[in-house]
Every structure is written in structure tokens, then in C-alpha cells.
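Residue numbers (the UniProt record's numbering): 1 to 265.
No lab work stands behind these hints, which were simulated from the structure alone. All C-beta atoms, glycine included, are put in the ideal place defined by N, C-alpha and C. Certain hints may be false.
Derived pair list, reagent style BS3-like, types lysine-lysine, alpha-carbon separation capped at 27 Å [as the list claims (entries may be wrong)]: (1) 77 / 33; (2) 33 / 80; (3) 45 / 77; (4) 45 / 80; (5) 45 / 33.
FRET-style restraints, in silico, Cβ to Cβ [claimed, not checked]: (6) 228 / 262: 17 to 27 Å; (7) 78 / 102: 15 to 25 Å; (8) 47 / 26: 28 to 38 Å.
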Amino acid sequence: MTNPPPQPIPVDQLHFAMPPTFQTVEEERAHRKARLVTALRLFGKFGFEEGVAGHITARDPEWTDHFWVNPFGMSFKTIKQSDLLLVNHDGRVVHGRHHVNQAAFAIHSEVHAARPDVVAAAHSHSTHGRAFSTLGQLLDPITQDVCAFYQDHALFDDYTGVVLDREEGRRIGVALDRHKAVILRNHGLLTVGTTVDAAAWWFITMERSCQVQLLAQAAGKAVSIDHQSAVLTRDQIGSDLAGWVNYQPLTTGHADALVGAYDED
């Protein structure tokens, strides 16, 4: 006697993770800080830090002209949640006991001011992002993954030294416009998102897309994806929700990098 074939499980009984919601600003603040230190630890794991350069920020959910950021001169690999700084709109530390990176404030304060929709911004001196930034060009749609940035990233086509002036940060914000990322010529990459997870994912996959294009260009002439297909692919994988979803496996797959990260303030 043959057993009946297994029946499909109703779709509403299948689990699919979605971004959390919060009852209070305190809960949301704690979550953003936890995700911020997670992203910093993963950036350290992936080799994105270079000396004291690099920073990720998360807007405070209550005081929206303030943001949380990693302290100046502290390794991404060892940073803890209690180390995070809260910086006000004047660049003064209002929570924490360390100095803030002035370049982080000059860039991120103006990006957050220009983009009220942005919760988080990520910038570091990653190897392939820096290398690609020297070309003074945008990424080409040569792979499925890079299509997330198709017509959704910009080039800040200037370099005047370490960014310590808020006017320079304002110009970066103008170049970013409504996009998810900007290539800072001769400097590196900057990505933004409506969640910390999305901003971090866009940086990670943009860095890898820079690596892929550099490899492809070194090997020969890459074949680009046509405009219509690139737009379709961007619409499929380029939303901040898609970025959030793609980021989740990293937090479980690299749990070793997160040991000790979540101490209490």
C-alpha cells in the first residue's frame, strides 16, 4: 500500500524573519545600539578597519539630531555596546567617556541632516572600496548583486584631504542625494540605510562588488547587464528590506566575532 504524498505546509505557517517593531523608544534605542556594535564587530572581522579610520552611525530614535557612533581609536574587533558614544548636533559627546572621530562627525552629521529617512550610515577605508574609488567612476551592472546599486549610487568627484570640515560633509550629503551609497573619490565608500543592518549590508556587498569589478577589468572586458534587466534586478534586491534580510545570516554565521559585544551600559 502506497502512502499518500506529503501535503504542502500552508504559507502562513512558514517562518520568515522581518525587522522588529518596538513599543518604546528605549527598546528601539537598545536595539539600534546592539545592531551598531554588531556591524562594527563584523566590519572588524571582514578587515574593513584601517588604523583609526572608519565609522558607523545610528540615529537616536528619540533625539533625532543625535547619533550613536564608535569611539575614536578603538578597534572594531573589540568594541562593546557600552563603548558607544552619543553625539549631539554640535559634535559634543553627551553619553560616553571617549573622544569622537571628528571626521565621523563632519561626514555623518551632514548626511543624517540631509537625509531624515536615514537611520544609519557606514564608512570605512576598506581595501577594494579604496582601490575602486581611485578610478573616479561608478560601478557597472556586471553581476546580479551589483544591480542593487544600479542608478542608486553616486560619485563624490573630489578629494581635499581628511574630512574635518562640516561643509565637506554637506557636499558629500548633496552628492549622495536620495541614493543608498556614494563613492568618495580617492577615499572609499559610504552607504546608508533605514536600518543599521541595511546600511551595513550595502557596505559589505558594495565592497565586494568593487572587488569583482576590479577583478573583471583586470581579466578583460566585462559584459554588462542590459538597462531593463538591471532595473528589474535592482527593484528585486535593492530595497532596504532586502538589505536587512541579506544581512541576517552574517550575524549568526560569524557569532565568534560577537562574543562579549553586548555588555550593559
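Verification of the supplied hints:
no. : hint                  : in the structure
1   : 77 / 33               : holds (16 Å)
2   : 33 / 80               : holds (10 Å)
3   : 45 / 77               : holds (7 Å)
4   : 45 / 80               : holds (14 Å)
5   : 45 / 33               : holds (18 Å)
6   : 228 / 262: 17 to 27 Å : violated (45 Å)
7   : 78 / 102: 15 to 25 Å  : holds (22 Å)
8   : 47 / 26: 28 to 38 Å   : holds (34 Å)
In this structure, only the earlier hint numbered 6 is contradicted, and the remaining ones agree with it.
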